[in-house]
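If you read the protein sequences in the order shown, they are chains A and C. For the first sequence, the residue numbers in my numbering are 8 to 231. For the second sequence, the residue numbers in my numbering are 8 to 231.
Keep in mind that the hints were calculated from the coordinates and are not lab data. Check each hint, because a few of them may be wrong.
Since the list gives no way to pick one copy over another, a pair counts as held whenever it fits inside one copy or between any two copies.
In silico SDA-like cross-links for lysine to any residue, where the CA-CA straight-line distance does not exceed 20 Å [claimed, not checked]:
#1 K102 / P69
#2 K200 / M8
#3 K200 / P176
#4 K200 / P190
#5 K95 / C67
#6 K95 / S11
#7 K230 / A89
#8 K200 / P142
#9 K102 / A174
#10 K200 / V178
#11 K95 / T62
#12 K200 / G177
#13 K230 / E204
#14 K230 / A212
#15 K95 / P229
#16 K230 / S143
#17 K102 / I59
#18 K95 / N152
#19 K102 / I225
#20 K200 / L210
#21 K95 / P136
There are 2 protein chains.
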Amino acid sequence: MALSIGFVLFPGVTQLDFTGPLQVLSAMPDTTCHIVAASLDPVETDTALRLIPTTTFATCPPLDVICVPGGGGVAAALVDGALIGFVKDRGEQAKWVTSVCTGAFILGRAGLLRNRRAATHWAYRDLLPLVGALPSVARVARDGNVVTGGGVTAGIDFALMLAGEIAGPGVAQGIQLGLEYDPSPPFDAGSPKFAPEPVRERLEARYVERRQRMQQAIESPPKL
Amino acid sequence: MALSIGFVLFPGVTQLDFTGPLQVLSAMPDTTCHIVAASLDPVETDTALRLIPTTTFATCPPLDVICVPGGGGVAAALVDGALIGFVKDRGEQAKWVTSVCTGAFILGRAGLLRNRRAATHWAYRDLLPLVGALPSVARVARDGNVVTGGGVTAGIDFALMLAGEIAGPGVAQGIQLGLEYDPSPPFDAGSPKFAPEPVRERLEARYVERRQRMQQAIESPPKL
Numbered sequence: 008m009a010l011s012i013g014f015v016l017f018p019g020v021t022q023l024d025f026t027g028p029l030q031v032l033s034a035m036p037d038t039t040c041h042i043v044a045a046s047l048d049p050v051e052t053d054t055a056l057r058l059i060p061t062t063t064f065a066t067c068p069p070l071d072v073i074c075v076p077g078g079g080g081v082a083a084a085l086v087d088g089a090l091i092g093f094v095k096d097r098g099e100q101a102k103w104v105t106s107v108c109t110g111a112f113i114l115g116r117a118g119l120l121r122n123r124r125a126a127t128h129w130a131y132r133d134l135l136p137l138v139g140a141l142p143s144v145a146r147v148a149r150d151g152n153v154v155t156g157g158g159v160t161a162g163i164d165f166a167l168m169l170a171g172e173i174a175g176p177g178v179a180q181g182i183q184l185g186l187e188y189d190p191s192p193p194f195d196a197g198s199p200k201f202a203p204e205p206v207r208e209r210l211e212a213r214y215v216e217r218r219q220r221m222q223q224a225i226e227s228p229p230k231l
Numbered sequence: 008m009a010l011s012i013g014f015v016l017f018p019g020v021t022q023l024d025f026t027g028p029l030q031v032l033s034a035m036p037d038t039t040c041h042i043v044a045a046s047l048d049p050v051e052t053d054t055a056l057r058l059i060p061t062t063t064f065a066t067c068p069p070l071d072v073i074c075v076p077g078g079g080g081v082a083a084a085l086v087d088g089a090l091i092g093f094v095k096d097r098g099e100q101a102k103w104v105t106s107v108c109t110g111a112f113i114l115g116r117a118g119l120l121r122n123r124r125a126a127t128h129w130a131y132r133d134l135l136p137l138v139g140a141l142p143s144v145a146r147v148a149r150d151g152n153v154v155t156g157g158g159v160t161a162g163i164d165f166a167l168m169l170a171g172e173i174a175g176p177g178v179a180q181g182i183q184l185g186l187e188y189d190p191s192p193p194f195d196a197g198s199p200k201f202a203p204e205p206v207r208e209r210l211e212a213r214y215v216e217r218r219q220r221m222q223q224a225i226e227s228p229p230k231l
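All chains, full assembly: derive it from the sequences and hints.
The structure is reproduced here in structure tokens:
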């Protein structure tokens with residue numbers, strides 16, 4: 008039977024958190040990717056692109072892999088009882104429980120990260136214990152059947168690692184070559200460890216309010 | 008006035024060729040991204056995701072940047088007179104003429120790559136002279152106002168480079184840090200130069216038929 012992968016969408020998702028892993032994991036042999044949301048209505052993202060779900064929380068087939076992307080919409084998703092219920096229910100049954108970026112907080116709120124090492128976007132990493140997780144500085148963290156990627160573009164590295172675990176290194180390498188994933192960033196600013204200080208400070212200032220929203224959402228009970 | 012960027016879609020587009028650059032370029036200040044296709048109907052991709060255009064060839068506002076992604080659908084797009092006409096018309100007026108992956112062949116068919124150095128997916132690079140371009144082995148090739156990226160994931164490097172050119176290095180670095188683009192592929196197989204030989208041979212065998220389709224399409228006149 009085909010491997011069944013479900014990506015969980017919500018309004019305000021960062022589309023590349025989802026579309027990066029989707030591109031990689033879709034290339035695995037005998038794999039069906041489901042794009043799951045509350046309804047079949049297009050889902051707004053942080054860009055001009057709206058995403059069309061292929062199935063809903065109510066109708067989604069069983070999932071071998073659940074993958075939750077992140078984004079500015081995570082704070083609202085954390086208090087969405089239907090979404091959290093779906094992730095909890097399907098996550099408990101899945102072979103692989105995964106997230107990209109701040110999607111880790113949704114896994115955590117669903118009780119799937121208790122005492123698990125997890126990665127998330129660098130600007131939110133220290134908040135992970137609020138959902139029971141152990142923050143990892145790795146770009147991709149694996150702890151048992153839980154695999155979590157760091158911020159946004161880490162989703163591609165995450166997905167290649169997962170493809171290697173599921174389908175073997177040869178398949179993952181073939182996918183990497185097909186996607187010509189031989190990265191060569193034109194600047195060296197992808198991590199707060201070595202980004203120029205003014206760039207990092209500007210970003211940190213921008214995250215203050217978003218971190219507060221996230222923290223408030225974590226402290227609020229989900230609404231059914 | 009806001010910078011206007013248009014991504015040109017067609018059935019069978021590789022969605023990450025488009026969604027990677029979209030994520031990067033959407034983060035530039037005062038920028039509007041248009042998702043352009045023949046109609047507003049959702050566009051099929053090489054994954055389960057269908058893409059919703061925001062405008063059409065007939066209604067698209069003036070573009071400062073035109074960006075054409077690639078994918079298996081490029082062969083059919085090369086004989087689509089309406090699409091080629093749109094790219095030619097808007098490309099001739101744009102400040103920046105750009106592509107990712109095999110999208111370069113669409114620029115070429117539209118007459119926008121004559122004697123220009125251009126990058127494309129490694130498996131199709133030697134076909135670039137058929138559309139008048141000079142093949143570049145660079146991951147991102149710039150020749151005047153023409154900026155072209157290599158295969159699929161090169162779109163992220165391409166877009167950061169373009170963001171740096173348009174909005175300055177500080178802005179591009181901020182975008183890179185926000186997207187945590189500090190890549191760390193779990194395998195070293197992203198280029199035919201160093202991918203394991205059996206992996207490369209398997210991929211090359213898979214591209215034989217696709218290359219033939221592309222070549223036939225290049226030799227066919229566009230249909231209006």
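Quick rundown of the hints versus the structure:
Within a single copy, K102 and P69 get their C-alpha atoms as close as 11 Å, which meets the 20 Å cut-off; across copies the closest is 49 Å, which misses it. Within a single copy, K200 and M8 get their C-alpha atoms no closer than 44 Å, and across copies no closer than 35 Å, so neither meets the 20 Å cut-off. For the homomeric pair K200 and P176, the shortest alpha-carbon distance between copies (18 Å) is at most 20 Å, but the shortest distance inside one copy (30 Å) is not. With identical chains, the CA atoms of K200 and P190 are at most 20 Å apart both within one copy (19 Å) and between copies (14 Å).
Taking CA atoms no more than 20 Å apart as the test, K95 paired with C67 passes inside one copy only; the shortest distance there is 14 Å, against 43 Å between copies. Taking the shortest Cα distances, K95 and S11 sit within 20 Å of each other inside one copy (17 Å), while across copies they are farther apart (41 Å). With identical chains, the CA atoms of K230 and A89 are at most 20 Å apart within one copy only, with a shortest distance of 8 Å there and 49 Å across copies. In this assembly of identical chains, the alpha carbons of K200 and P142 lie at most 20 Å apart only when taken from the same copy (16 Å versus 36 Å across copies).
Only within a single protomer do K102 and A174 lie at most 20 Å apart by alpha-carbon distance; the minimum there is 14 Å, versus 44 Å between protomers. For the identical chains of this complex, K200 and V178 are inter-copy neighbours only, at 18 Å across copies versus 32 Å inside a copy, given an alpha-carbon limit of 20 Å. Proximity of K95 to T62 under the C-alpha cut-off of 20 Å is restricted to the intra-copy arrangement: shortest distance 17 Å within a copy versus 38 Å between copies. For a Cα distance limit of 20 Å, the shortest separation of K200 from G177 across copies, 16 Å, qualifies, whereas the shortest one inside one copy, 32 Å, does not.
When the C-alpha separation of K230 and E204 is checked against a cutoff of 20 Å, the pair qualifies neither within a copy, at 40 Å, nor between copies, at 54 Å. Neither within a single protomer nor between protomers do K230 and A212 lie at most 20 Å apart by alpha-carbon distance, with minima of 30 Å and 53 Å respectively. Proximity of K95 to P229 under the C-alpha cut-off of 20 Å is restricted to the intra-copy arrangement: shortest distance 12 Å within a copy versus 52 Å between copies. When the C-alpha separation of K230 and S143 is checked against a cutoff of 20 Å, the pair qualifies neither within a copy, at 29 Å, nor between copies, at 55 Å.
With identical chains, the CA atoms of K102 and I59 are never at most 20 Å apart, being 25 Å at best within one copy and 32 Å at best between copies. Within a single copy, K95 and N152 get their C-alpha atoms as close as 15 Å, which meets the 20 Å cut-off; across copies the closest is 50 Å, which misses it. When the C-alpha separation of K102 and I225 is checked against a cutoff of 20 Å, the pair qualifies neither within a copy, at 26 Å, nor between copies, at 45 Å. Taking the closest pair of Cα atoms, K200 and L210 come within 20 Å of each other only inside a single copy of the chain (13 Å); across copies the shortest separation is 37 Å, beyond that limit.
In this homomeric assembly, K95 and P136 come within 20 Å of each other (Cα to Cα) only inside a single copy, at 18 Å, whereas the closest approach across copies is 54 Å.
Of the hints listed earlier, those the structure fails to meet are numbers 2, 13, 14, 16, 17 and 19, in rising order.
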